[in-house]
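Participant: Assemble the complex: chain A is given as a structure, and chain B must be docked to it using the hints.
Going down the list, the sequences are from chains A and B.
Residue 173 in the numbering used here sits at position 189 of the first sequence, and the numbers go up by one each step.
Residue 106 in the numbering used here sits at position 120 of the second sequence, and the numbers go up by one each step.
Please keep in mind that the hints were generated in silico from the structure rather than gathered at the bench.
Please note that a few of the clues may not be correct.
As the list claims (entries may be wrong) - Here are some chain B residues pointing at chain A (derived, C-beta under 8 Å):
1) Pro33
2) Leu47
3) Asn51
4) Ser52
5) Lys59
6) Lys66
7) Asp75
8) Asp79
9) Gly80
10) Val113
11) Asn121
12) Leu123
13) Gly161
14) Pro163
15) Pro186
16) Tyr190
What the hints assert, rightly or not - In silico EDC-like pairs for lysine to aspartate or glutamate, Cα to Cα no more than 16 Å straight-line:
17) B:Lys87 x A:Glu85
18) B:Lys59 x A:Glu115
19) B:Lys29 x A:Glu115
20) B:Lys66 x A:Glu115
21) A:Lys89 x B:Glu91
Even for Gly, the Cβ is constructed at its ideal location relative to N, Cα and C.
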Amino acid sequence: MAPKYKFTYFYGRGRGEPTRLIFAAAGVEFDDVRITLDQWPKVKDSLPAPMGQLPFLEVAGGVTLCQSMSIARFAAKETGLAGKTNLEQAQADMFVDEISELLPKLAGAVFASDEAVKAEKAKEVDKMIPEKLGRLEKLSGANGHLVGDSLLWCDLVVFNVAFNVENYKPGTLKNYPKLTKVMDTVKANKRIADWIAKRPETKF
Amino acid sequence: MPSYKLTYFNGRGTAEIVRLVFAAAGTEYEDVRLEQDQWPELKPNTPMGQLPILEMDGTMLCQSNSIARYIAKLAGLAGKTPLDQARVDMVMDGMVDMGNKFAYEIYYEKDEDKKAEKKKDYVEKYVPQFFSSLNKLASDGGYFAGDELTLADIAFYNMTTMVNPYLEQPLSLDGFPKLQKVEDNVTSNPGIAKWLKERPETPY
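Chain A on its own, in the form it takes in the complex (with noise of 0.2 Å):
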């Protein structure tokens, strides 16, 4: 039978990957179609992307979901990780929309070609690193999850931007004892290993 989930967006991880960690975690079967920026072009008006743009999310039944946080919040909901009160339900929805802004930050820093460019974009992300991990580390929970007691879908959105985040300066969450502890919390969830350990090897 045909997973109920197909999730389409580019090679890498970047603002997808949090619904693929969920996905993962739950142990729930989808269709990870991955398009090359090669592709991207030639396929962009063919496909059933509602605002032309990736991720989207065909869900069986005929209703496609786009913008990557309500999709991974839509996973999180069907997979019983979105919170368990409307209350932390609001408080993971507050580390999703605040750490947001690093990724593509991150990004552009990373990619640039041009030096000089990168220099100034180095600059910038240099410093919202620390200024959005300390908001993080201040509201965290100390138990390796970001709110309640148990793995939420919030804890996987960070850990993706921290992720990217220790790739482009190895040791910066060691100054961040509270979300250390959730990244390694997220890291021996077996689902989770498993699935960092066969997915492909991007970049970013």
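Facilitator: Just chain B now, with coordinates in the frame of chain A:
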């Protein structure tokens, strides 16, 4: 029922979507508007050092869209099913993208020639393309999810009216009849209509 206290500066800004949801929901709340010199004292006592914040029964939430979603959920304005909720979320995210593009590419652009060029592109290419996608997502009755007013409809109205004053003329809904209906549904909602008449006139 808990008592709600929303704190922001004296303007619409990122808090207005929350105020519109409270209005549509008919939920009473304290609408606190800070002067700039009151902010430094409060700042360290907020979850992420930013406004708006929502206080209720000893808890503080931050991040305007997370707050809006929380209040909307309690009032049944966030979508009735997980799929409808995802539809609401994706339209909200799309409106945030539209607002951010305006802010970062146009509002903050210092070079006058570049600014004029980007404004032209925004009004003549980007918005019509985006509105075309949105028009497809709206129902014939003028709702983005289900068949009644949700946070998505409110977000559409809020962001378009937020951007309009900075353009030569308001963004056109010609050719997007369903979006016109969305706008009409929002402005004719009794709670919102009352708020639009009574809310303080502010420069932003």
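Participant: Run every hint past the structure and note whether it holds.
Facilitator: Checked hints:
| no. | hint | verdict |
| --- | --- | --- |
| 1 | Pro33 | holds, 6 Å |
| 2 | Leu47 | holds, 5 Å |
| 3 | Asn51 | holds, 6 Å |
| 4 | Ser52 | holds, 4 Å |
| 5 | Lys59 | holds, 6 Å |
| 6 | Lys66 | violated, 13 Å |
| 7 | Asp75 | holds, 4 Å |
| 8 | Asp79 | holds, 4 Å |
| 9 | Gly80 | holds, 6 Å |
| 10 | Val113 | violated, 13 Å |
| 11 | Asn121 | violated, 11 Å |
| 12 | Leu123 | holds, 6 Å |
| 13 | Gly161 | violated, 17 Å |
| 14 | Pro163 | violated, 19 Å |
| 15 | Pro186 | violated, 26 Å |
| 16 | Tyr190 | violated, 21 Å |
| 17 | B:Lys87 x A:Glu85 | holds, 13 Å |
| 18 | B:Lys59 x A:Glu115 | violated, 30 Å |
| 19 | B:Lys29 x A:Glu115 | holds, 14 Å |
| 20 | B:Lys66 x A:Glu115 | violated, 36 Å |
| 21 | A:Lys89 x B:Glu91 | holds, 15 Å |
The structure fails to meet hints 6, 10, 11, 13, 14, 15, 16, 18, 20 from the earlier list, while all remaining hints are met.
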